[in-house]
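**Q** This is what each chain is made of:
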Amino acid sequence: MKELKLMKGNEAIAEAAIRAGADAYFGYPITPQSEILEYLMMEKPHERTGMVVLQAESEVAAINMVYGGAACGKKVLTSSSSPGISLKQEGISYIAGAELPCVIVNVVRGGPGLGTIQPSQSDYFQSVKGGGHGDYRLLVLAPASVQEMADHVGLGFDLAFKYRNPVLILSDGVIGQMMEKVELAEQTPRLSNEELAEKYPWATLGKRDGEPRHIITSLELESSKQEIHNLKLQAKYKRMNEEEVRYEAIQCDDAEYLMVAFGSSARIAQKVVSMAREKGIKVGLLRPITLYPFPSEIIHKLAGQVKGILSVEMNAGQMIEDVKLAVCGKVKVEHFGRYGGMIPTPTEVFNALEQKIIGG
Amino acid sequence: MAQTFDRPEIQTPENLVYSKTTCLTDNVMHYCPGCGHGTAHRLVAEVIEEMGIQSETIGVAPVGCSVLAYNYFNFDVQQAAHGRAPAVATAIKRLLPEKYVFTYQGDGDLAAIGTAETIHACNRGENIVIVFINNGIYGMTGGQMAPTTLPGMPTSTSPYGRDVETMGNPLKITEIVAMLPGTHFVTRQAVHTPAAVRKTKKSLRMAFENQKLNKGLSFVEILSNCNSGWKLSPVKANKWMVDNMFPFYELGDLKVNGEMINKD
Amino acid sequence: MTEEIIIAGFGGQGVLSMGKILAYSGVMQNQEVSWMPSYGPEMRGGTANVTVILSDERISSPVINLFDTAIILNQQSLDKFEKSVKPGGTLLYDPNGITRHPVRTDINIYKVEAAEEAAKMDSAKTYNMIVLGSFLKVKPIIKLENIQKGLEKSLPTRHHKLIPMNLLAVERGMLVLQTVHTV
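Chains as they are written, first to last, in the numbering used here: chain A, 1 to 360; chain B, 1001 to 1264; chain C, 2001 to 2183.
What the hints contain is simulated information worked out from the structure, not anything from laboratory work.
Hints are not guaranteed to be accurate.
[What the hints assert, rightly or not] Some chain C residues close to chain A (C-beta under 10 angstroms, calculated; not the full set):
#1 Ser2061
#2 Asn2065
#3 Ala2124
#4 His2160
#5 Pro2164
#6 Met2165
Beta carbons: idealized from backbone N, C-alpha and C, even for Gly.
Sequences are here, hints too, so could you generate the full structure?
**A** Structure (structure tokens):
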């Protein structure tokens, strides 16, 4: 039987990681996500499943520990918040280049710089466009509830191993700090080294007699070979776009106006949908669950149906660029956001919708 | 070359006194002739072969001249980001405690950009081996100043010699890690003479044996010349090393069995 | 049924834990719940607040700007949230330390001398449970038995011996509620 608990989003991430059969977590404290490391330390997962939990000396060290563990075929994750995620970018680029699977959680806070510790969605660009150096993409999941925080850990690992690619869970201070009911998955057993070696022949689990050694690297000094590697990565991202787009369409069937919002903004926008519908205005909400790959096709389709689209984000207008690419000029697209850790109220969003889309 | 060695009449098993370790591949090394890296690679590989742990070893290569170490070591190797090898190795060892894990790092990697990772892996007493090649210069990028560059020593980024007033003093990181409770064995060796090579190999063997016994971190610094970077012939480079590097970076064990060695 | 509540006061008054008990109690009667705290340095002795939503349906936004009920435990919070109560909604406050009392006439206003009652019970820790009791008197949305279950779930086992005292405090809070103004 599945277990029902009331948990913070951060705690749900941590518990879900244990239950997903994660082999290790490496992290460094930063608000508003320190509960992940705290919960794991409190839970003693080494006693429950043998999972390793280590507080690293920095976010930089933590992501490189992830690299080392992932290269052994292990299920490894790390988490941080915006400034810490910036520090991890070098390591993430190496992980993407070396094609290693891992899960990275960003519980976003407002920036730039040290910024604020309050919730924000201002790391959208960094998340979906690569983030570090080089041509690469992360598969980006955007949970909008504590339940999804838990679910996306297991899903994240599945996708990470399916594509040998890092998966980013793009959350924020609202989803990380709030408590909701969450139904927890049953314990997935951790795999033995023998099982890993069988399943992941690329993993550095030791050279076997008569077999070639395993090398994990992102270095290729010959440009012609590096280009081939890049083409391989691009083919992988194309496959993600074909197979992994996930979204939730809320009251879109008869919608005359559309909002596009992810994560906590989508929760606020959902309230706005009911506020509008109470007034007889047919508003729908398209909530991307994957931000990369982006649900462009459905947005393009809806653009042919609605009179205007509002991109609701807790930033100065980042996702709107992808919305506009999807809409391709078919209909007006506007942005509404609050910045720097301010959370828009449903009333504010509703007013923006009226002024920018319905009235405009 | 092939002609010189193609003498099947004397290449018989009973005449065999030495052969290349199976823990090195047949790939031709990219290191400059006279460089110490090749010897250091061989010694690490020989120790691993002699201990019979080829299939249980995972090495971590750095960024620097030995970035391509994975082309030469014939066992599993991960190539790490610049300076991060001790963090990478930490995770491997924590997740595969029964395996043998070592990092192979140069001075820029270990003692400049990776200082934090080095100090903290040592301080946690990770049960790994760190092999530290110190040649006082950035070889791969073309001879820039390293954290271990000697005072007054010219490099491409200290063309008038290292001015300690503005560029700081060379960092004796090996002395620093010896003071940390997490290190079990800390030594400084060299590979410029057969005797030094033998001593270095002994130290490497001890380091890997320590790992077998879960003793904590073993740190083996190997002083090496960088004749290209120093702009000297290999023989002159080794002499320069003896005359200039050794007085500053004194050879010998700094810590054995967790006990500091009193040199007085 | 959907009840959107803000609880606001000083850090250390048990604002967040009161919200947590409320949320857990909601779970015990199969409701959807959300608990969204203010977080960060504010928690350390400054003002603290938490938004708790209990509903029979899926909860949309955990962040809202208008509330069915505001439970107010200091002056700053009264100044900030009195205007955020929906017309016809409820404001419950502890007058202890309040110099500017609520003035709205379009909402129901109640007060509870919780600090004083907690002193009488000789346990400052019962403060937030007295307030919770008063709230439940005004809005009996949770059965006492579910409060007990909520306490069991939200308190660590080592504190379970304190549950009877907490329940007494809830009952006390129900008795000492005072009506200031109703619409």
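**Q** Find the hints from earlier in the document that the structure breaks and name them by number, from lowest to highest.
**A** Failing hints, ascending: 3, 4, 5 and 6.
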